[in-house]
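Student: Required output: the full structure, derived from the provided sequences and hints.
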Amino acid sequence: MIASGIKRGTAELAVLSVLENGSRHGYEIARRIEQQTNGSLGFTLAALYPMLYRLEMQKLIRGSWETGPNGRRRRCYRLTAEGKRKLSPLRKEWSRLFVALRKLAGVVNA
Amino acid sequence: MPDWNEFVRHQLVGIELNQGEMADVVEELAGHLEEAFRNLRCQGITEQEAVQRALQEVRSWQELRVSIESSRGREPFMNKRVSQFWFPAFLTLFLSQVALMVVQEFGPRNYLSPATSHPRMLPQTAVFAAWVAALPLIGALGAYLSGRAGGPAKLVFSAITFPVFPFLAFVVIGLPIAMLFDDHVARGLSFPLFLVTFSAWVVCPALALVAGGWFLRHFAKRSGRQNIAGN
Numbered sequence: 001m002i003a004s005g006i007k008r009g010t011a012e013l014a015v016l017s018v019l020e021n022g023s024r025h026g027y028e029i030a031r032r033i034e035q036q037t038n039g040s041l042g043f044t045l046a047a048l049y050p051m052l053y054r055l056e057m058q059k060l061i062r063g064s065w066e067t068g069p070n071g072r073r074r075r076c077y078r079l080t081a082e083g084k085r086k087l088s089p090l091r092k093e094w095s096r097l098f099v100a101l102r103k104l105a106g107v108v109n110a
Numbered sequence: 001m002p003d004w005n006e007f008v009r010h011q012l013v014g015i016e017l018n019q020g021e022m023a024d025v026v027e028e029l030a031g032h033l034e035e036a037f038r039n040l041r042c043q044g045i046t047e048q049e050a051v052q053r054a055l056q057e058v059r060s061w062q063e064l065r066v067s068i069e070s071s072r073g074r075e076p077f078m079n080k081r082v083s084q085f086w087f088p089a090f091l092t093l094f095l096s097q098v099a100l101m102v103v104q105e106f107g108p109r110n111y112l113s114p115a116t117s118h119p120r121m122l123p124q125t126a127v128f129a130a131w132v133a134a135l136p137l138i139g140a141l142g143a144y145l146s147g148r149a150g151g152p153a154k155l156v157f158s159a160i161t162f163p164v165f166p167f168l169a170f171v172v173i174g175l176p177i178a179m180l181f182d183d184h185v186a187r188g189l190s191f192p193l194f195l196v197t198f199s200a201w202v203v204c205p206a207l208a209l210v211a212g213g214w215f216l217r218h219f220a221k222r223s224g225r226q227n228i229a230g231n
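Here the protein sequences come in this chain order: A and B.
Mapping the first sequence onto the numbering used here, position 79 (from 1) lands on 79, and the numbers just tick up by one.
Mapping the second sequence onto the numbering used here, position 229 (from 1) lands on 229, and the numbers just tick up by one.
Straight line, CA to CA, 30 Å or less: simulated BS3-like cross-link-like pairs of lysine-lysine:
1. A/Lys103 - A/Lys92
2. A/Lys59 - B/Lys80
3. A/Lys86 - B/Lys80
4. A/Lys92 - A/Lys59
Using C-beta positions, here's what the derived DEER-type ranges look like:
5. A/Leu90 - B/Pro152: 20 to 28 Å
6. B/Asp3 - A/Glu34: 20 to 28 Å
7. A/Asn70 - B/Arg148: 44 to 52 Å
8. B/Gln48 - A/Met57: 36 to 44 Å
9. A/Ala105 - B/Asp3: 43 to 51 Å
10. B/Ser60 - A/Gly39: 18 to 26 Å
11. B/Ala169 - A/Arg73: 54 to 62 Å
Just so you know, these hints were derived from the structure itself, not from any lab.
Every residue gets a Cβ at the ideal spot worked out from N, C-alpha and C, and that includes glycine.
Tutor: What follows is the structure, encoded as structure tokens:
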């Protein structure tokens, strides 16, 4: 598992990237991130929802209630146009950071 | 299966959300816990164990309440920037001005005999020295307030040196402008006098305020270390 300090910085990118392929509810977002990163990144409820609410306040994602297969209502989130616009520079920013870290500390060969 | 809605509602009692928002948050978080629980049960885990594991999603409900309030734009009475910087900054500014007025009014000048001292400089110097001597206390108070609100060192020292900014603005901006428009000022102000003015109204008060703040932080750190050691 990645340390929580590093993970916190990547959280926004992770959530926005997962939502890029369609709308998902909170639990699904957390599981999808965990699966796609082979368990390196995992979000607990306590970490995930405050961030989802914050991203929603920033109008990067939008939530709407839908009814799940078990009849329970669940809130599904999708990327807004602003969120889509934000994703590309965010990716570039992280990419630059990784390149810089690679040069500095040989992260790739670590 | 536990009543997740009831459980989450109970954990979130006291959260600063309106009824509609509270109901939405409770339903959403309860849904997450229920789904986690169901998945664990599908993996063959016992109900008790599944409940325990689902609950591990939240280490501290108190922290979660604060995070949700903050993420939904519910700021406390004073937000961080106000409590860490603006409040201590304006308080130290106000107190430093009050101290200056008090020293001018009731300070040593009234008790110095012009016959035994320099006719012009000494009373002013005495007033100034008394004022500067009071500033470390004010700096310490500002540092205490800013530090208590969780302000980092940079913000603490910015807040406690705030009272010198009006003087700094006067010396750096006001005086040159006055020199442009007033011949008396232009003729009367030499470079050494400018340096003395700058030192007296900017450097010395800033150092006095920082000294108070530094002492308090140093003392607080030491007593914190002793407490940890004591525990």
